[in-house]
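Student: Next come the chains, spelled out residue by residue.
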Amino acid sequence: MPAPIRLRELIRTIRTARTQAEEREMIQKECAAIRSSFREEDNTYRCRNVAKLLYMHMLGYPAHFGQLECLKLIASQKFTDKRIGYLGAMLLLDERQDVHLLMTNCIKNDLNHSTQYVQGLALCTLGCMGSSEMCRDLAGEVEKLLKTSNSYLRKKAALCAVHVIRKVPELMEMFLPATKNLLSEKNHGVLHTSVVLLTEMCERSPDMLAHFRKLVPQLVRILKNLIMSGYSPEHDVSGISDPFLQVRILRLLRILGKNDDDSSEAMNDILAQVATNTETSKNVGNAILYETVLTIMDIKSESGLRVLAINILGRFLLNNDKNIRYVALTSLLKTVQTDHNAVQRHRSTIVDCLKDLDVSIKRRAMELSFALVNGNNIRGMMKELLYFLDSCDPEFKADCASGVFLAAEKYAPSKRWHIDTIMRVLTTAGSYVRDDSVPNLIQLITNSVEMHAYTVQRLYKALLDDISQQPLVQVASWCIGEYGDLLVSGQCEEEEPIQVTEDEVLDVLEGLLVSNLSTPVTRGYSLTAIMKLSTRFSSVNRIKKVVSIYGSSIDVELQQRAVEYNALFKKYDHMRSALLERMPIMEKTASNGPTEIVQTNGETDPSVVETKHPPPVTQSTNQATDLLDLLGGNDMVPVIQTSVPTKPASAGGELLDLLGDLSLSGGPAPTPAPSVPTSQPPFLLDGLSSQPLFNDIAAAGIPPMTAYNKNGLKIDFTFERANPNPNIAVITINASNSTEADMTDFVFQAAVPKTFQLQLLSPSSNVVPALNQGTVTQVIRVLNPQKQQLRMRIKLTYTHRASSIQDLAEVNNFPPQSWQ
Amino acid sequence: MIKAILIFNNHGKPRLIRFYQYFAEDMQQQIIRETFHLVSKRDDNVCNFLEGGSLIGGSDYKLIYRHYATLYFVFCVDSSESELGILDLIQVFVETLDKCFENVCELDLIFHMDKVHYILQEVVMGGMVLETNMNEIIAQVEVQNRLEKSEVRPFLSSSKSFPLIYVFGFSQVSAIKYSLSVL
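Line by line, the protein sequences give chains A and B.
First residue of the first sequence: 1, per UniProt numbering; consecutive thereafter.
First residue of the second sequence: 1, per UniProt numbering; consecutive thereafter.
Any given hint could turn out to be false.
[As the list claims (entries may be wrong)] If you want the footprint, here are the derived chain A segments under chain B, 3+ residues with CB under 8 Å: (1) 2–13; (2) 286–298; (3) 353–359; (4) 795–802.
None of these hints come from the bench; they were simulated from the model.
Note that beta-carbon positions come from the ideal geometry of N, C-alpha and C, so glycine has one too.
Work out the full structure, taking the sequences as your base and the hints as a guide.
Tutor: Right, here's the structure in full:
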């Protein structure tokens with residue numbers, strides 16, 4: 001077998017390959033040769049082969065068959081072999097391979113070798129890829145070497161100790177005695193690595209931190225020597241004496257001085273000295289200054305020093321060198337929370353950085369600008385930021401848009417400004433805004449009542465220009481649906497009103513439906529908007545046509561909506577105006593999008609609100625208030641219904657009137673309403689997601705009961721247990737009428753104590769036929785997490801023999817099995 | 001902590017790859033490709049710090065790089081390292097290479113990958129900076145090289161510098177050396 005080729009021959013050969021395939025071929029050939037050479041157990045050429053293997057590994061070819069060979073090399077006596085063997089081990093092996101444990105013994109022997117370079121190799125390997133088992137075994141050796149007088153070994157042992165501590169934190173105490181006189185070393189290499197070791201120990205353990213605080217004077221002294229000492233050719237880098245060590249010491253001082261007055265005090269002088277004496281013409285000086293500034297900001301320094309630090313950063317910002325500017329922006333970002341006012345002084349420079357060509361600087365400047373926005377500078381800052389949004393790269397747009405929204409929400413000087421800003425963002429970066437901003441915006445718009453006309457007008461104009469940006473289109477179509485009447489009547493005070501006819505508006509909305517640019521979600525929005533306009537516009541026929549066309553759409557969601565709206569036209573026309581009433585002001589609970597949306601407005605999040613039920617309902621918080629009044633006491637929680645069977649147009653007022661003689665507890669009303677929503681969703685979604693509601697298998701046979709029986713109207717309750725959740729009781733009511741006349745406009749309402757939650761589903765009909773010819777059924781779901789006794793108050797409203805009747809009753813005779 | 005040190009040329013060919021954090025082989029190659037992609041897009045007059053790329057360690061990492069003629073020296077570090085300090089470190093490393101190889105150029109790195117590794121081992125160990133004094137590093141490397149040489153060819157007297165000039169026996173290798181401009 002001829003001698004294997006040398007590494008450089010191989011490299012030469014590979015470089016002659018003209019294509020990737022040729023290279024691969026050459027490498028495969030060589031791998032085969034190497035493999036057969038390994039099989040022959042050839043000691044002389046093994047190191048050469050492994051070197052070649054490492055080269056091929058760097059190019060990306062598999063080299064794991066060389067792992068064992070590396071071990072054999074490590075075990076060899078020759079330094080050459082060991083050197084390449086250890087390198088191979090570091091590159092090819094890691095703790096995931098079982099093979100690596102075989103190294104432990106070799107390393108142990110080598111740690112005690114007579115040649116310091118062999119010891120060095122062993123330390124290096126252990127410090128790079130030692131696993132926790134290896135570290136545990138060999139920590140004692142490392143500790144021994146940490147105390148040696150050989151500086152070459154000592155510095156390597158220090159870093160190896162850092163690795164050991166990282167892998168096995170419990171061993172940290174073991175190294176404590178050895179650290180005692182680490183700092184009295186003269187050798188800078190050892191000093192440097194010792195400081196690294198101390199830093200690691202302080203970061204990991206507060207006890208160590210307290211223990212090492214006493215080293216502060218020593219560190220200060222070392223730093224002083226470094227600065228004051230004259231030119232030392234050994235450690236000089238561009239005229240500064242060992243900047244790396246200076247930076248490391250400053251960092252350790254930062255950790256030691258944090259939250260500690262005494263240490264901070266001891267450091268003040270030296271920090272001031274470093275800050276003023278360091279030359280800033282080269283990168284080196286700036287590195288030290290930067291570290292000094294960070295340290296000053298972190299420890300409990302006196303205010304003069306802090307001002308000095310921020311000024312240094314300000315100077316950095318004006319520096320020509322981009323690196324310095326970048327670093328300054330980063331540190332200002334860190335300090336803006338604590339020293340807000342000081343940073344504000346540099347605001348104009350920071351805003352200028354937004355226009356820089358460098359991507360990294362732009363990003364930093366953007367983050368910092370958002371941090372600096374406050375009530376005073378909002379207008380100016382927003383102008384700059386919007387300009388930035390226009391011209392920046394796409395990768396920034398999403399973050400910038402969300403930042404703008406947040407800032408606008410917190411500091412908007414006026415509602416009109418707020419809406420203008422939002423419009424601007426939507427039109428310029430509309431496709432990059434986050435999904436949850438659409439519901440948030442809609443809520444904002446709803447709540448600024450006086451701006452409705454202005455908003456809808458602007459949105460309409462924006463739609464005319466451009467329909468490609470989905471969030472903009474969604475918000476716009478929602479608004480047109482809601483406030484289309486304001487649009488057509490040309491009522492805007494803020495701006496010149498535009499003349500728009502109903503047909504034009506419908507044209508635009510229909511255009512959205514057919515356009516290729518619209519996503520399915522947007523189409524859903526526009527269909528619903530068209531439907532809503534049927535109560536606000538007069539040209540109902542056109543709307544009916546559109547809606548019926550989409551009844552056969554391929555998109556299931558659209559089809560469903562269209563079918564339901566059609567049904568609304570045909571069978572439930574009397575309900576239409578009530579259902580499509582304008583949305584009330586929504587309570588902003590917390591800014592978690594889906595939660596509140598399910599509660600108040602089923603439309604804006606179409607995927608959540610389920611579909612077996614008739615179209616979304618005007619969920620009025622007024623209604624909640626009224627029910628609370630209705631039920632008189634503070635212990636009753638109003639039910640949030642998912643559908644309202646019959647409701648005359650102004651629902652709220654009537655209920656209140658009817659029940660005028662009840663004690664009205666108007667005060668606490670709003671508070672339960674918000675708190676109920678946030679606890680509702682799990683329950684609601686529970687209910688909505690289990691479709692075959694009526695097919696629930698009755699769990700235990702709970703006997704039915706009669707809840708109400710008066711004036712010929714009898715209401716029976718039958719019980720089932722909802723399968724997924726045993727705390728939910730499903731009650732089906734059956735209302736029957738034994739009189740001779742039908743009971744029409746029948747409405748059943750219920751309320752339960754606070755510890756329960758209730759959900760009423762839609763009734764089968766609102767007419768209870770006479771003479772027990774049929775029943776009206778309705779399903780109630782009660783969540784009873786605390787397994788308390790179920791009580792309920794019910795209210796019945798119906799028209800009988802041309803007079804309207806309502807009645808209240810309390811139901812207390814629930815069988816025990818229904819709530820246990 | 002330094003997570004990785006990558007040296008590649010203007011076309012993305014790796015010249016030295018050292019990872020101080022475990023990554024699978026194909027992951028390593030992907031990181032190299034992605035880093036090259038990010039770094040090569042940069043102009044020459046922008047700052048030397050890059051964030052972005054999502055491969056290494058999530059959000060807490062930066063790329064600090066320097067471009068010398070045909071080679072990019074890229075250090076991937078996390079937030080515990082001083083950015084400006086690392087820039088200086090790259091400078092020290094390159095100057096050391098320059099002293100060791102006498103006017104180092106890309107070809108030196110190509111053909112002496114193992115020697116470059118040994119030099120790097122004296123500068124960075126386990127992802128942490130070991131020694132920054134150039135003379136110290138060079139001295140240690142030289143002693144070890146002599147040790148190696150004495151084993152291979154015991155009759156050769158110890159030479160101060162290690163071999164730099166190789167005779168290239170074929171015509172395809174271009175004779176032009178790209179020299180690095182050392183700042």
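Student: Does each hint hold? Answer for all of them.
Tutor: Hint check:
Remark: the segment 2–13 of chain A is confirmed as covered by chain B, as 4 of its residues place a Cβ nearer than 8 Å to a Cβ of that chain, reaching the required three. Counting residues of the segment 286–298 of chain A whose CB lies closer than 8 Å to any CB of chain B gives 4, so the stated coverage by that chain holds, three being the minimum. Three residues within the 8 Å Cβ limit are the bar, and the segment 353–359 of chain A against chain B gives 3, so the coverage statement holds. Figure legend: the segment 795–802 of chain A, annotated as covered by chain B; annotation inconsistent (0 residues with Cβ-Cβ distances under 8 Å, at least 3 required).
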